[in-house]
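Engineer: Listed below are the residues making up each chain.
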Amino acid sequence: MSGFLLGLSLGAACLASCAPILVPWYLAQAAGWGRNFVLLGLFSAGRLVGYGVFGILAWIIHPVIDSLRHSFVFGLIYLALGIMLIHFGRTQFHNPCVSKGLMRRIPAEIFARPGILAVIMGVLVGLNLCPPFLAAFTKAAETPSLAASVIFFVCFWAGTTVYLLPLPMVGLFRQPVAAIVGRFACWIMAGYFIYQGVLIWVGGLK
Amino acid sequence: MTERGRTSYGCPPTRIAWHWTILLAVPMVLLTAMTMTQGQPLPKELRLLIPLIVSFVFLNAMFILMLRSGRIDQFRSPVFILYALGLVMMFIPNMLEVRGTVAIGAEEIVQGKVPFCHMVIPMTIIPAAFTRTIIFPGSMLEGFASIGTMLVLWLVVSIVLGRGWCSWVCFYGGLDEGFSRILRTPLIRRISPTLRYVPFAVLLVIVLLSAVYLTPTYCEWLCPYKSVTEFAAVTDARTLIQTVIFVALFVGLVIILPILTGKRTQCGLFCPMGAFQSFTNKVNIFGIRIDKDKCIQCGACIKACPTLSLDQTCLEKGSPRMTCSKCGRCVDVCKFGAVSMQIKGTPPGHPNLGRVLFVYPAFLVMAIMGGSMIQQGLYRIILLVTTGSLVGGS
Ligand code: SF4
Ligand code: SF4
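Read top to bottom, the protein sequences are chains A and B.
Residues in the first sequence are numbered from 746 upward in steps of one, following the numbering used here.
Residues in the second sequence are numbered from 0 upward in steps of one, following the numbering used here.
Treat the hints loosely; a few may be bogus.
A short list of chain B residues far from chain A (calculated; beta carbon distances all over 10 angstroms) [unchecked claim]:
1) 49
2) 56
3) 187
4) 193
5) 204
6) 232
7) 236
8) 334
Ranges of calculated distance between the beta carbons of each label pair, as one might list FRET restraints [claimed, not checked]:
9) B:52 x A:828: 31 to 41 angstroms
10) A:828 x B:184: 51 to 61 angstroms
11) B:316 x A:911: 38 to 48 angstroms
12) B:311 x A:910: 31 to 41 angstroms
13) B:155 x A:893: 37 to 47 angstroms
14) A:911 x B:194: 42 to 52 angstroms
15) A:783 x B:284: 52 to 62 angstroms
16) A:896 x B:37: 52 to 62 angstroms
17) A:790 x B:335: 52 to 62 angstroms
18) A:805 x B:232: 26 to 36 angstroms
19) A:805 x B:310: 32 to 42 angstroms
The following residues of chain A were derived to be distant from chain B, with all beta-carbon distances above 10 angstroms [stated by the list, open to error]:
20) 782
21) 789
22) 805
23) 861
24) 883
25) 893
26) 895
27) 896
28) 906
29) 911
30) 922
31) 926
32) 944
Note that these hints are calculated values from the structure, not bench results.
These numbers were taken from a predicted model, which means no experiment stands behind them.
Think of the CB as a built atom: it goes at the ideal place given N, C-alpha and C, for glycine as much as any other residue.
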């Protein structure tokens, strides 16, 4: 449940960073919203695979993370997250996901097959180190078992996917308002992460 | 409203005849008398009797003038501001008497002795739907400030008044409203319209963070009003940072920015409860209507709106944004009688009907909640003058 809720709480930032890929793509497809939903399903399945990989990774590094808890480094991670979110909020829709750079390297033929493309994009987005994802990664690393770590990521995936659901309705969705709210939410979350980082520093260095 | 942006109640709106005014005021007089005395005989001690009589007369005078004059905000605002000041004057000495300090200790939080305030409603009911956990450390049913009482009150008021809650019921709103009225001419006149979305972002973040961490996030690190009510005792770095944030937000959003802008910046640009209440405006039957035939697009109402709920698009559409707190200031300042409080869906032409039907329950709730606060605030002032201390007395 906490993975799902964390996904929900950070999904606005996911939307801000990943909508630049999905929305133009949907528009370029010029497909109806029903077909867009099918593509979103494939895209989400791809993301799930990417998240599963990170679930395993998070569990592997968890002993290291455990020893770092409440340390200077952990505080620094929160501060970095906060600063990244501020940057995301500032540049918002003009700032690409890591996967957007990778997208340019995909052979042109694949673009002819929207279904395959949707899955590939999903995997790439799933392997993207955006701030919400890093937050989930540090939280998943605290889980005691491999299964718990993977389940956490699956739930996180479900939470963030909720935010992508309106995207197929691009034409109907009042995106400017949602984008503004999302951007402000990024900044507030950033403030929260910085606050957490400072708290860990102040508390941890006592 | 003058050219320079200050509210002036210039035009004579539709008045109600005296006999109707008196007739309509009688039930309010009886109800306020009942609630303020709580059915008890009048107190003999002057220090208790004077606040009771003064606040009773003040409330009913304001209501009668509101009915008679056809204006809303001019007579709502003084009551609303004194209601908030009364809360502060009552709360702090009360805490000092009961606990010896305004700060609340960890033990009391664990024991659920924190009075429930409406600010946590969005953080309570939305996460409760997901997690089936009430995250606030207060009592569920015990006393007036219990979670159950507040939720019922909020639900009833929201159905009847919508976001009118923020200009008639919220016991904090009068503070930034009071400060926003200090300068005749605001020093900052341009506020980016994009900032109107900040409360919705705050709402989104605090609801979700509260659900993730199962704590009332807003109360823990964002509520400006902690500065004038109660906050966790400063015992470590965490509580020190929290206290610094509370004070900084209070000074910035409730004092300095309202003075400089003439707007209710905490309510209009930050408060998540206000954003949450905005959605209740959608289902509420009362709303502000702008008659496009009468409106000459002078923009006076846009400048006067304390919550930035009006813009040019609203004038064209004939209604304010969903964030309207139904304060009635736009009704009062329009010199052409183009703005009125109406029952949604009814034909225009009866400005007093919608106004009276709205003002009656709105004022009643404000009088019931605010009456005792104003009364107790006055009592504390009299105590201070007569004994030199805010605490003690009977
Ligand atoms: S409703 Fe029209 S005429 Fe009335 S104050 Fe607003 S802009 Fe001016
Ligand atoms: S639109 Fe009118 S009633 Fe609504 S908040 Fe603004 S001034 Fe008050």
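Engineer: Among all the numbered hints in the text so far, which are the ones the structure does not match?
Structural biologist: Going through the list in order, the structure violates hints 4, 5, 7, 9, 10, 11, 14, 15, 18, 19, 30, 31, 32 and respects the others.
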